[in-house]
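Asker: Spelled out from the first residue to the last, the chains are:
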Amino acid sequence: LTRHAADDAVFAALADPTRRAVFEAVVERGPVSATGLASGFAVSRQAIVKHLTALREAGLVAPERAGREVRFRARPEPLDEVAGWIDRVDRRWAQRLDELRATVAERAGRRTAPTRGAEGDPPTG
Amino acid sequence: MELTPSVTRSVLLDLDLDDTWDILVDPEVLAEWLGHGRLPTEPGSRTRLVEHDGTVRTIEALEVDPGRTLRWRWCTDDQPEAVSEVEITVATDVGGGTRLTVVERATSGARCSLVPPIEGTRWDERLLGLELRALRTLSPLATV
Chain A
1 LTRHAADDAV FAALADPTRR AVFEAVVERG PVSATGLASG FAVSRQAIVK
51 HLTALREAGL VAPERAGREV RFRARPEPLD EVAGWIDRVD RRWAQRLDEL
101 RATVAERAGR RTAPTRGAEG DPPTG
Chain B
1 MELTPSVTRS VLLDLDLDDT WDILVDPEVL AEWLGHGRLP TEPGSRTRLV
51 EHDGTVRTIE ALEVDPGRTL RWRWCTDDQP EAVSEVEITV ATDVGGGTRL
101 TVVERATSGA RCSLVPPIEG TRWDERLLGL ELRALRTLSP LATV
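If you're matching them up, the sequences are chains A and B in order.
The opening position of the first sequence corresponds to residue 1 in the numbering used here, with each subsequent residue numbered one higher.
The opening position of the second sequence corresponds to residue 1 in the numbering used here, with each subsequent residue numbered one higher.
Bear in mind the hints are in silico, worked out from the structure with no lab data behind them.
Ranges of calculated distance between the beta carbons of each label pair, as one might list FRET restraints:
#1 VAL56/B <-> PHE41/A: 42 to 50 Å
#2 PRO43/B <-> VAL49/A: 41 to 49 Å
#3 ASP16/A <-> GLU63/B: 24 to 32 Å
Where a beta carbon is used, it is the ideal one built from N, C-alpha and C, also for glycine.
Just chain A, with the same shape it has in the complex:
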């Protein structure tokens, strides 16, 4: 996956409210099995497995075997990528809007300040 494709996978995985709740449960209770998670949700174990699969494909959880059980642990790294996107975009817009404000102020100053040409221009008409 490219970085942006990975970001997309994270956005898509967490866009579903139930899946987001499953992820939060893994963060709080992990490592935890699908059966262990299902007890806290009003959905079937099968539905929890599907959500865990989507989260694993997005890199947000990692499975690990514990005897006959597969338990899932949360992985924060993909969220760092999302935080990085927000930080980059936020800094760019802050800079752009600062420049816009400065440009508007400069143009307003030019409009209100008398120009040399205007002072010396002979009357017309």
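Dock chain B against chain A, hints included.
Answerer: Just chain B now, kept in the frame of chain A:
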């Protein structure tokens, strides 16, 4: 709850609403704060913008409500898979002036089909560059 990463920034400008809209779409002012080029002002229309750091973006207008809202999606030539939507709204501020608010949202699952094929003006630019290089090669003493 929608979980789409987004960034919101706003600035208060000492202008009325109409003047704010005018400067927003004025290429001369745009070059000062966003980049060289134009913003598309018709839904579906596309423009190109060169930012101050040389980043080239293709922009496609999604919504144009003159004097109120301009919404587009954009991507860069070097990262066409990184598409995001930008919405700029302008509104009279209660304290005076006009507040310009920008929201940029990451898009999920989108792929940029905005980058135009290598044709038209881009080919013209490339061919001109090729001609200049050929002239230098053929006439080492010539200055172009």
